[in-house]
Each structure stands twice: as structure tokens, then as C-alpha cells.
Amino acid sequence: MAKLTTFVLGGINSGKSAFAESLITNQTTTPYYVATSVVLDQETQEKVSAHKNMRGPNWQTIEEPVDLGSALEPLPAESFVLVDCLTMWLNNLMYQELDVDGYTDHLLETLAQSELNITLVSNEVGLGGISENALTRKFARLQGTLNQKIAKKSDRVAFVVAGLPMWLKGGI
Amino acid sequence: MAKLTTFVLGGINSGKSAFAESLITNQTTTPYYVATSVVLDQETQEKVSAHKNMRGPNWQTIEEPVDLGSALEPLPAESFVLVDCLTMWLNNLMYQELDVDGYTDHLLETLAQSELNITLVSNEVGLGGISENALTRKFARLQGTLNQKIAKKSDRVAFVVAGLPMWLKGGI
Amino acid sequence: MAKLTTFVLGGINSGKSAFAESLITNQTTTPYYVATSVVLDQETQEKVSAHKNMRGPNWQTIEEPVDLGSALEPLPAESFVLVDCLTMWLNNLMYQELDVDGYTDHLLETLAQSELNITLVSNEVGLGGISENALTRKFARLQGTLNQKIAKKSDRVAFVVAGLPMWLKGGI
Numbered sequence: 017m018a019k020l021t022t023f024v025l026g027g028i029n030s031g032k033s034a035f036a037e038s039l040i041t042n043q044t045t046t047p048y049y050v051a052t053s054v055v056l057d058q059e060t061q062e063k064v065s066a067h068k069n070m071r072g073p074n075w076q077t078i079e080e081p082v083d084l085g086s087a088l089e090p091l092p093a094e095s096f097v098l099v100d101c102l103t104m105w106l107n108n109l110m111y112q113e114l115d116v117d118g119y120t121d122h123l124l125e126t127l128a129q130s131e132l133n134i135t136l137v138s139n140e141v142g143l144g145g146i147s148e149n150a151l152t153r154k155f156a157r158l159q160g161t162l163n164q165k166i167a168k169k170s171d172r173v174a175f176v177v178a179g180l181p182m183w184l185k186g187g188i
Numbered sequence: 017m018a019k020l021t022t023f024v025l026g027g028i029n030s031g032k033s034a035f036a037e038s039l040i041t042n043q044t045t046t047p048y049y050v051a052t053s054v055v056l057d058q059e060t061q062e063k064v065s066a067h068k069n070m071r072g073p074n075w076q077t078i079e080e081p082v083d084l085g086s087a088l089e090p091l092p093a094e095s096f097v098l099v100d101c102l103t104m105w106l107n108n109l110m111y112q113e114l115d116v117d118g119y120t121d122h123l124l125e126t127l128a129q130s131e132l133n134i135t136l137v138s139n140e141v142g143l144g145g146i147s148e149n150a151l152t153r154k155f156a157r158l159q160g161t162l163n164q165k166i167a168k169k170s171d172r173v174a175f176v177v178a179g180l181p182m183w184l185k186g187g188i
Numbered sequence: 017m018a019k020l021t022t023f024v025l026g027g028i029n030s031g032k033s034a035f036a037e038s039l040i041t042n043q044t045t046t047p048y049y050v051a052t053s054v055v056l057d058q059e060t061q062e063k064v065s066a067h068k069n070m071r072g073p074n075w076q077t078i079e080e081p082v083d084l085g086s087a088l089e090p091l092p093a094e095s096f097v098l099v100d101c102l103t104m105w106l107n108n109l110m111y112q113e114l115d116v117d118g119y120t121d122h123l124l125e126t127l128a129q130s131e132l133n134i135t136l137v138s139n140e141v142g143l144g145g146i147s148e149n150a151l152t153r154k155f156a157r158l159q160g161t162l163n164q165k166i167a168k169k170s171d172r173v174a175f176v177v178a179g180l181p182m183w184l185k186g187g188i
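Residue numbers (this note's numbering), protein chains in the order written: chain R, 17 to 188; chain C, 17 to 188; chain F, 17 to 188.
Since the hints were made in silico from the structure, they are not lab data.
Wrong hints could be hidden among the right ones.
To be verified - Below, computed lysine to any residue pairings styled on SDA-like, alpha-carbon distance capped at 20 Å:
id : chain 1 : residue 1 : chain 2 : residue 2
1  : C       : Lys154    : F       : Glu148
2  : F       : Lys154    : C       : Asp57
3  : F       : Lys63     : R       : Arg157
4  : C       : Lys165    : R       : Ala66
5  : C       : Lys154    : R       : Val55
6  : R       : Lys169    : F       : Met182
7  : R       : Lys169    : R       : Ile188
8  : C       : Lys19     : C       : Asp171
9  : C       : Lys154    : R       : Thr152
10 : R       : Lys154    : C       : Ile146
11 : F       : Lys185    : C       : Thr46
12 : R       : Lys168    : F       : Ala34
13 : R       : Lys185    : F       : Ile188
14 : F       : Lys165    : F       : Leu114
15 : R       : Lys68     : C       : Arg157
16 : R       : Lys168    : R       : Gly186
17 : R       : Lys154    : F       : Ser65
18 : R       : Lys185    : C       : Trp183
19 : R       : Lys154    : F       : Glu59
20 : R       : Lys154    : F       : Met104
21 : R       : Lys63     : C       : Lys165
22 : R       : Lys19     : R       : Glu89
23 : R       : Lys63     : C       : Pro92
24 : F       : Lys185    : C       : Met182
25 : R       : Lys168    : F       : Trp183
26 : F       : Lys63     : R       : Asp117
27 : R       : Lys154    : F       : Gln58
28 : C       : Lys165    : C       : Val116
29 : F       : Lys185    : R       : Trp183
30 : C       : Lys154    : R       : Glu59
31 : C       : Lys168    : R       : Lys185
32 : C       : Lys63     : F       : Asn149
33 : R       : Lys154    : C       : Glu148
With the sequences and hints as input, model every part of the structure.
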């Protein structure tokens, strides 16, 4: 079976994670979940718990806020893996002042070389105008560039609005 | 004639209301308009007046900022009704600290049980990144959840950009 | 050859400019680029330089921050022209307190009457919710209205997410 890289984009509470999960649970009973969130406050804790309950008990969770490439490499070939989400990941890299381009290149190499079926979730954040805050503007630029790079290397790309996908590339 | 529930999503001044109106005026000469705006300042007054002028005199207007279910129930079966918009409605519920889930459930029951052709308009608000303001973040989460629920119960869903629809479900 | 007006919409770093350029460089070796940016700070300077490097040396650049109609009129018939972007242009008009409607009408007349193949790039800015800042709200309203007017007069309209187009009208 050829591996398939899938990219799911959407807004806040757009249903993008649930849609991404549904793509995977249709294909396997032993999915992996790579969680990028770092729980620092109650709001994040509630969000993480809600996502976990939604996923159900079949999923094996790996927490990796920074080095996604290294988290993905040891997983068994042909597994189905959900990476949720690249926006928290980018946030972590920026917050810790790490090398965004370097970690991105490592992730892209992993996508190219691994035998996993990887689905990545990310936020589209650049459709609300330009912020007055310089850091927010930088985040929007980096997120836009990251999303373009992942989309280019994915076999299929969906943009989710109100729980419903528009396929920008490939599809089901 | 079977009833049809339509959901029209879009951004600020995206042409979503005009598009939703065009779907209705193609079908009836006696449409109903359920307005959710509460006029508290001049900016809202100007927006409401501009929308009213655009609609023209055929429309019968019902003002209901909170209890949409109860506003819709008395309308004659098979009528065409435009609810504009769910973003102002959610704003009103939050501002008055009312039960968002309860009013949403009532609206969803009305959509399921009524014999009306209801078109609902709402804003997509979650594609501009995460706000620094906790209330804005809460609004974005609730709006996203509400939009998913309405989309799930609608027969057709359009996402409008620059006056042009992308059909996410059903269509014309 | 009949002229073609194309409108490309997208978010921050969505790949909209690169996509618009690819539509033109497929068609001609002597494209024109109408740049609307005014370089007032280093951030803009870096963005302008990055765009210029991306375009390559074939493009003939015309800088016009305000009077797009007059900048387009002298260009040779049947040329391919990229106007990048209408969001900076609207920003310039507002910042200088110029007549947005008047300049927009002039641009629309030029689109209707010229024999150029014009591709216009603009930002979608209204999908991130309503700002607390009155000027930002005004900008979002004017940008939404402008985008609708340009889309209506264009032969084809694309909405770009993560470098990938969704055609709202016409297409390739």
C-alpha cells in the first residue's frame, strides 16, 4: 500500500480535527496521535481533554511539542498518524526561540522519506487582516509559509469550514 | 414541496446577505426577514438601514435578538425566511449572559420540525488567528461550534467570498 | 485575442502573489508589475525585496500607490499586467484620506475599457471576526466591498489557501 500524506486546514473550532480523525478511523483501528500542545493553563487543559474525549480510547498518544520529525520516525511503517496541530507546534518553536526553518525542513524530510500515512492539521490564520502587533504579524507570515510548504508536499489538502471539507488537492 | 434549510457563511462585507437574499427572492414574492441586530449605536443603525434598503419593500421584517425558535414557529408553513445573522444573535446571547446551548438546541429543533424554508446567515470568524482577548477567544470557539451544528442540520451550505459562493454541501 | 481580467484573493502569506504570477508567466515573457506598496519601514522593504526576487528579472515594474487607473491606461494593448495588491492600495487611499469610491470607479472603468490582461491581487481580511478598533472595522468593510466590486467585473476569480487555488468564477 502506498503511503498518503494528508493536510487539513481550517479555522478555530471549524471541525478540522474531527474531520482529520474521521479520515484515519475509516482506515485503521490502531491510530497514533501526535499531540503538540503544551498544557500551561486551564484553557488549554480543557481543550486538550475535550479533544481526547472526542477521539476515544483506540488512539495511542505521543506528546511532542517541538521535534516532530524525531517523534514520527520510530512509528511502525504503514501506520496512520495524526499530527494535531502545526499551529501549536509553530507557537512552541517561536516561544522557545528555536529554529523554525530547521525543524520544518526536518519535518518535510520525514514526510518525504517515511512509510507512514501522516495527516497533519493546521490553522489558517491569515484571513482576518493585518495585526497591529508585530509578533502576531510575524506568526501569520511564518504560519502562511509553513502551510504552503506542507501543502506542496501533501498528496491531498482539505480546507474545512463549519465541519465541511473543500478539497484543494486530491480528495476522497 | 419539501422544505429546504440553507446555511450561508462568509466574512465581513463578503456579500453573504445579498447572496442569501437572492436565493429567496428567486423563490417567493412574500419573504420573511428575521433581524437579530439590536440597534445600540449609529454604526449598527447605518448597517441595518443599508441592509433594509438593499432588500426592498417586499420583505416582512421580524425583529428578534434572542429567541429565534419562538420567532420562527408562528410563520405560515412553506414560507421562505431569512435569519440574518447568527453572529449578532450569538453576540446578544453572550452579552446578556443567556444560555447559548439552550437557545441553540431550541433553534435546531425548530429547523428539524418546522415546515419553513429557512436560510440562516452567519459569519466565519476563526480564520484570523487566536486573539489575545479571552472574550474574543470564547466568542470564536462558540461561533465555530454553532456554525458546525447549523451546517450539520442544513440541506445546503455555502461559503461566500467576494460575493461568490462555494457550495460545501448541496447547492443550486 | 480577447482580454481576460483575473482576480486572486487570499490571506497573509497564502501564496496568492506567486499563484497570480504563475498565471501570467505562462502567457508572456514581457509582463508588467504594478506595485502599490509604499516603503516606509524595514518590514515593508523586506517584503517588497522578497517579492521582487521571487518574480525574477523579466518583469517591468511600475510603482503606483494611488492612481491605478492612470497607471494602467498607457500600457500597450494585450499586455499582461499584475496589480499587487489592492489591500495596500486601499490602505494608501485611507491613510491619505483620498476618495476611495472615486478611485475605485476609475479602476473599474479601466478594467472595462482597456485591452489589457489584468490580474489583480487582494487580501480577504473579513474572516477573523469583528475588531474592537473602529478604523480596522472600517477597513474590513471597505475591503469587503472593494473585493465584491472587482470580483463582479472579473472573468475569473480564485481564492488561494496554502498556495492552492479554489476557483470561484471561471478558471484554468
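A quick look at each hint next to the structure:
1. Lys154/C to Glu148/F: Roughly 15 Å between the alpha carbons, so the hint for Lys154/C and Glu148/F holds.
2. Lys154/F to Asp57/C: holds (15 Å)
3. Lys63/F to Arg157/R: Judged against 20 Å, a Cα distance of about 10 Å means the pair holds.
4. Lys165/C to Ala66/R: holds (17 Å)
5. Lys154/C to Val55/R: Holds. Lys154/C to Val55/R sits at ~18 Å (cutoff 20 Å).
6. Lys169/R to Met182/F: holds (18 Å)
7. Lys169/R to Ile188/R: holds (18 Å)
8. Lys19/C to Asp171/C: holds (9 Å)
9. Lys154/C to Thr152/R: holds (19 Å)
10. Lys154/R to Ile146/C: holds (14 Å)
11. Lys185/F to Thr46/C: violated (31 Å)
12. Lys168/R to Ala34/F: holds (13 Å)
13. Lys185/R to Ile188/F: Satisfied, since the Cα-Cα distance of roughly 15 Å is no more than 20 Å.
14. Lys165/F to Leu114/F: Roughly 18 Å separates the two Cα atoms, so the pair holds.
15. Lys68/R to Arg157/C: holds (17 Å)
16. Lys168/R to Gly186/R: holds (12 Å)
17. Lys154/R to Ser65/F: OK: Lys154/R and Ser65/F at ~17 Å, within 20 Å.
18. Lys185/R to Trp183/C: holds (17 Å)
19. Lys154/R to Glu59/F: holds (10 Å)
20. Lys154/R to Met104/F: holds (18 Å)
21. Lys63/R to Lys165/C: holds (18 Å)
22. Lys19/R to Glu89/R: holds (14 Å)
23. Lys63/R to Pro92/C: With Cα atoms ~42 Å apart, Lys63/R and Pro92/C exceed 20 Å; violated.
24. Lys185/F to Met182/C: Distance ~10 Å between Lys185/F and Met182/C Cα, so the pair holds.
25. Lys168/R to Trp183/F: Holds, at roughly 18 Å.
26. Lys63/F to Asp117/R: Holds, because 18 Å separates the two Cα atoms, which is no more than 20 Å.
27. Lys154/R to Gln58/F: holds (13 Å)
28. Lys165/C to Val116/C: The given pair, whose Cα atoms are some 13 Å apart, holds under the 20 Å limit.
29. Lys185/F to Trp183/R: It holds: about 17 Å lies between the C-alpha atoms, which stays within 20 Å.
30. Lys154/C to Glu59/R: holds (10 Å)
31. Lys168/C to Lys185/R: violated (24 Å)
32. Lys63/C to Asn149/F: holds (17 Å)
33. Lys154/R to Glu148/C: holds (15 Å)
The structure shown violates the earlier hints numbered 11, 23 and 31.
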